[in-house]
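Undergrad: So the protein sequences, as listed, match chains A and B.
With the first letter of the first sequence counted as 1, position 358 gets the number 358 in our numbering; the numbers rise by one all the way through.
With the first letter of the second sequence counted as 1, position 173 gets the number 173 in our numbering; the numbers rise by one all the way through.
Be aware that a few hints might be false.
Part of the chain A face toward chain B, derived, beta carbon under 10 Å [claimed, not checked]:
1) 2
2) 6
3) 22
4) 190
5) 339
6) 351
DEER-style ranges, computed between Cβ atoms [said to hold, decoys possible]:
7) A:92 with B:276: 35 to 45 Å
8) B:179 with A:61: 22 to 32 Å
9) A:169 with B:39: 30 to 40 Å
To be clear, the hints were calculated from the coordinates, so they are not data collected in a lab.
Every residue, glycine too, gets a C-beta built ideally from N, C-alpha and C.
2 protein chains.
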Amino acid sequence: MSAPPVWLRDNCPCPHCRDPRNGQKLFQITELPAALAVDSVRDATTADGAPAREVVWAPDGHRSVYAETWLGAHLPGASAAPGDGRTEDDKELWAAADLEGRLPEADWSAYTTGPAVKAAALQSVLRLGFVLLRGVPVHDRQVLDVARTFGYVRETNYGELFEVRVEADPNNLAFTGARITPHTDNPYRDPVPTLQLLHCLTNAAQGGDSGLVDGFHAAALLRHEDPEAYDVLTRVPVPFAFADDRSELRAHRPLIGTDPAGRIREIRFNNRSIGTLHQPADVLDAFYAAYRRFGELLLRSELQLEFRLTPGDCLVFDNTRLLHARTAFAESGDRHLQGAYADIDGLASTLAVLRREETVK
Amino acid sequence: MSAPPVWLRDNCPCPHCRDPRNGQKLFQITELPAALAVDSVRDATTADGAPAREVVWAPDGHRSVYAETWLGAHLPGASAAPGDGRTEDDKELWAAADLEGRLPEADWSAYTTGPAVKAAALQSVLRLGFVLLRGVPVHDRQVLDVARTFGYVRETNYGELFEVRVEADPNNLAFTGARITPHTDNPYRDPVPTLQLLHCLTNAAQGGDSGLVDGFHAAALLRHEDPEAYDVLTRVPVPFAFADDRSELRAHRPLIGTDPAGRIREIRFNNRSIGTLHQPADVLDAFYAAYRRFGELLLRSELQLEFRLTPGDCLVFDNTRLLHARTAFAESGDRHLQGAYADIDGLASTLAVLRREETVK
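Pulled out of the complex, with its shape left as it was, chain A reads as follows:
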């Protein structure tokens, strides 16, 4: 077995090394012998009778039994490194035409009664970045119940839920009839809410249509078309800020967040809350050229998926990936959405547990 000994030993599945009640590791990395080595290896069987290899360790004589299936799946070189589902590698990037006529959607009653329907809907949020639930009861605060079907509401200074409708003294443009171009929400928060829900209660106004843009797709396009601009946007921290009577929030993060391997992991884009960059003049020049380029790209019509929310629709989307937008609407018209934030790790957990059940493929 051509595996580093310390890696293999760190994965020992015996009950002294892992708590059989919960799978948690019971030793510290510092408790392993510094001069750890494989003393001998022989064929064996697991407690379940499956083919395995038993390793006896020097210098401490510990014995580890590894199932052949585990070794086949995990030995270095056996398989590509799986991700945690959050980077571009685990997503299906899309332009508007890719989803024309096949919006990911689910009927609320089927979603709440059929585990397979629910699993497919949650999978859409992970893979495509969103799902549109149809026929959700048009009740005040229903959006919170929708969130609780897959996770936990993230309360913020806007409350457990927020009302998207025209307000007399708005603390946010969202609460006017103005056009809102594609953006992510709350970039001035860290951690940013990773999921957003928008539940339509009324939409009788002239205008007020909805739009979505796949920010991962847009960033990948920028990387292809203008690698230098892409690079600048992954490196320059942007000061986002929001303040009202009761709050004062700020976070300095790049517009395109990448993981250490350089994969796209998080988009923040919101012209309304971008603050004053403090950088040398040459960095400002490079940043603004790249920012404009990315902004133009995000407005390309082929990237804009457009649809109209009708009462009973609830949009659930990944706020670290998708940008959302709406057209202007007449402030005299009646348009009322209720929104809430939640987190995608809880949604992914709910999906993983659903999949353990055999009714779901």
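Assemble the complex: chain A is given as a structure, and chain B must be docked to it using the hints.
TA: Chain B only, in chain A's frame:
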């Protein structure tokens, strides 16, 4: 003014460019003229009568009035780039001896009635990573009320709050009497909860003392002592995982998270929930050598701040920076903490609003 024109224009404070009701920017970067240039500059005054410079822009003729004080503070080169408070640059790193005899603490009644006391306590969480509130009422669920004094509870699969006491069938080692070495909580979650609260209701058991380690300080030490090991830990994503009957969570993140400028921003360290790394053998060798080295460093006695929680104490700490620990205790003894998670952006907002009031320096 030696500032890039597009940067200066993007910061125009006029009411057409920024909503005077909420300060939000009203234009897209793509709406500015591509060939933007300064047409003329002259001395002026703001609407408040303060000295200012007025810029007339070509080609669109827009006029912007910038207060001299704003220009002095923001022009490129005028000042160092401020951070958002979350990286090592904005922290006061500590070893145990630095805080001996001067634990950051506050009395609950002073905290709840005195804005200056509260501001100092919240500032301790931002600067040092924690505060110890004393004399908090010993009531069931009180920990949630503590969280609500500065922010919002982050509900998770463990509930709104979690009970830290010996359980018959624990889904987590925390709920046994075992020693727990320094770790951060929930590294298998992304976003990870950025704050943790631990409220002591009973601590009559033999053992069960508390410990804290400044993970930013430890990471900075590693960078100084073994730059290669530090570099490996900032680059290799570590698969963290947790699963029980109702949950299945995973996140792949490095042990030391840095911002694009390379500053330490987030520590994840938890031997119990680290999964199987899939990497080439040479990366595994380098990772495990670095992981052991960081693990040894985190256990150095001079880094361990030790104290004992007594009933009525509530520890509030930054879970992206501090590692917490406890000594083993007799499972026959009575020890009961209630814990909750929250987020540090809400705490920072509460502090910023407190500081607007003149009673607080």
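Undergrad: Does residue 22 (chain A) hold up as a contact with chain B if the rule is Cβ-Cβ below 10 Å?
TA: 5 Å, holds
Undergrad: Quick one: are residue 179 (chain B) and residue 61 (chain A) within 22 to 32 Å, going by C-beta?
TA: Since residue 179 (chain B) and residue 61 (chain A) have Cβ atoms about 24 Å apart, the given range 22 to 32 Å holds.
Undergrad: Closer than 10 Å between Cβ atoms is the bar; does residue 339 (chain A) clear it against chain B? Give me holds or violated.
TA: 16 Å, violated
Undergrad: Quick check on the hint: residue 2 (chain A) CB to chain B CB, less than 10 Å?
TA: 7 Å, holds
Undergrad: Okay, residue 92 (chain A) versus residue 276 (chain B) on CB: inside 35 to 45 Å?
TA: 26 Å, violated
Undergrad: Can the hint on residue 190 (chain A) be confirmed by a CB-to-CB distance to chain B that is less than 10 Å?
TA: 6 Å, holds
Undergrad: Quick check: does the Cβ-Cβ distance between residue 169 (chain A) and residue 39 (chain B) fall within 30 to 40 Å?
TA: 36 Å, holds
Undergrad: Using Cβ atoms only, decide whether residue 351 (chain A) comes closer than 10 Å to chain B, and label the hint accordingly.
TA: 9 Å, holds
Undergrad: Would you settle whether the hint for residue 6 (chain A) is holds or violated, based on the nearest Cβ-Cβ distance to chain B being less than 10 Å?
TA: 4 Å, holds
The structure does not agree with the numbered hints 5, 7 stated previously, though it agrees with the rest.
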